[in-house]
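Participant: Residues per chain, in single letters:
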Amino acid sequence: MRPEPALLLEAWGTLVGLDLASVPQVMIARPLVAGTVAGAILGDVGTGLRLGMLFELLQLDILPLGAARYPEYGPATVAGVAAAHAAAGALGVGLGVVVGMFTGLVGGISVHWALRPLNTRAVRRATAGLEAGDPDTIVRVHATALGRDALRGMLVTATGLVLAALVRTYMVGTLTARGAIVVAAAATGAAIAAGSNGTLNLVGRRVNFAWLVAGVVLGTLGAWLR
Amino acid sequence: MKRPPLARVLLRLFTLQGSWNYERLQGVGFAVAEEPLLRDLGGGRGEREYRAALARGARLFNAHPYLGGMAVGAVARAEHDGIEPAQIERLRLALGGPLGSLGDRLVWAEWLPLNAALMLIGVALGWGWWAVVGFLALYNLGHVWLRAWALKAGWSRGHRVVEALREPALQRADALFGVATPLAVGAALPLTAAYLASPFPGWARLAVAGIAAAGLGLLQWRRALTGLRFGLGVLAVSLVVGWVWR
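Chain order of the listed sequences is X and D.
Quick note: the first sequence uses our numbering, first residue 55, plus one each step.
Quick note: the second sequence uses our numbering, first residue 6, plus one each step.
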């Protein structure tokens with residue numbers, strides 16, 4: 055990959071990482087948004103949409119309620135699209151999902167095991183200033199935490215892009231066309247399973263379950279007519 | 006206060022969770038957002054009343070990020086109304102729970118999945134990136150409106166803000182989204198599955214259907230198993246199969 059798109063992907067992944075929880079939560083961190091823009095950066099919107107849809111299904115399995123812990127699929131989709139772009143067709147989809155899932159795992163760990171404990175430590179160190187109502191301390195603690203999250207998003211995206219480069223170098227060419235289809239089909243099946251599971255958990259067995267069934271019937275009819 | 010700087014507070018509210026931590030949760034972000042409303046409190050910036058109010062603002066607080074502004078506005082108004090500090094502390098703590106559960110239900114469990122499902126349907130129907138642009142526009146119309154409404158309701162009602170939570174528009178939205186969300190998500194699943202499986206040959210489509218059905222059964226049966234863990238496991242097996250079956 056040329057340096058310009060790589061830098062743009064890195065910048066986009068950082069923004070997407072920040073959007074997850076810190077600022078501004080306008081949902082550019084949704085995989086389908088993150089993936090489409092990553093695809094546009096690489097001049098391959100189609101791959102961005104396809105990878106974005108796969109990770110959007112995986113995202114449906116997550117309800118960000120309270121302080122729940124979950125993987126971070128935004129920068130993961132950016133890295134996944136970078137990996138998929140290098141190998142066209144089914145091979146790209148399979149490799150993109152492999153890279154994206156590992157990056158999502160790293161992203162989730164970085165939030166819960168690094169960012170939040172580091173923020174907690176910074177807040178403890180600033181207790182005297184916070185309890186005194188010192189505006190400078192309050193703004194400094196907050197701004198530093200935002201910077202910390204930007205750095206985290208940058209590192210997670212960089213990890214994903216390095217992983218994508220390694221996969222491009224060492225894995226493309228080791229799979230036959232049939233092997234690539236096996237991996238892509240497995241990734242697609244797993245994403246549909248996760249999305250369906252998330253939907254069932256979301257709707258549950260409440261009175262609105264009937265509307266879910268009606269939606270599935272309508273969607274199936276629509277897919278068949280197409 | 007002649008004209009409260011609500012626009013500035015609203016902008017700061019977009020960073021409410023920016024310093025989320027295990028000690029004060031959103032507390033520091035709360036104080037950052039509330040600060041412009043406290044500047045003319047009892048003598049102005051730097052004075053004892055201002056600092057005491059800011060210190061209270063930075064203490065433990067957690068709510069849904071889009072509705073946190075209601076507490077910020079209500080608490081700042083209560084500070085201006087001269088309510089007892091202990092009562093203000095109680096108001097902050099009492100608002101966190103209801104604002105959290107209302108936002109979780111209305112936004113995370115309804116508005117967001119509804120819009121995400123519409124985006125998936127749009128892409129599956131061939132609208133490409135226009136579906137993504139539409140998602141960002143529609144979702145954020147509701148998002149920004151909710152943030153602004155919450156802040157305004159908090160500031161105008163002060164310590165009587167709980168009345169705003171019984172707003173009929175919120176109840177109607179909840180009822181409407183409660184039907185629209187499962188309908189849209191239900192329709193999105195088969196359309197998305199058909200779109201994603203379309204480039205595969207027949208045997209691979211059967212494999213997709215088999216893995217999806219088995220995976221759904223497994224995920225429903227073993228609740229501790231997440232979609233990510235299941236996906237990683239399936240991918241590891243498929244890589245081995247893909248290398249062996251040449």
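Keep in mind that the hints are not guaranteed to be accurate.
[What the hints assert, rightly or not] So the derived list for chain X, only partly shown, Cβ under 8 Å to chain D, looks like this:
#	residue
1	Ala75
2	Ala144
3	Val152
4	Val160
5	Ala182
6	Pro189
7	His196
8	Thr213
9	Val216
10	Leu220
11	Val237
12	Leu254
13	Asn262
14	Trp265
In short, the hints are calculated from the structure, not lab data.
C-beta atoms are modelled at their ideal positions from N, C-alpha and C, and glycine is treated no differently.
Participant: Indicate, hint by hint, whether the structure satisfies it.
Facilitator: Hints versus structure:
| no. | hint | result |
| --- | --- | --- |
| 1 | Ala75 | holds (5 Å) |
| 2 | Ala144 | holds (7 Å) |
| 3 | Val152 | holds (6 Å) |
| 4 | Val160 | violated (12 Å) |
| 5 | Ala182 | violated (11 Å) |
| 6 | Pro189 | holds (6 Å) |
| 7 | His196 | holds (5 Å) |
| 8 | Thr213 | violated (16 Å) |
| 9 | Val216 | violated (19 Å) |
| 10 | Leu220 | violated (15 Å) |
| 11 | Val237 | holds (5 Å) |
| 12 | Leu254 | holds (7 Å) |
| 13 | Asn262 | holds (5 Å) |
| 14 | Trp265 | holds (4 Å) |
Going through the hint list in order, the structure does not satisfy hints 4, 5, 8, 9 and 10.
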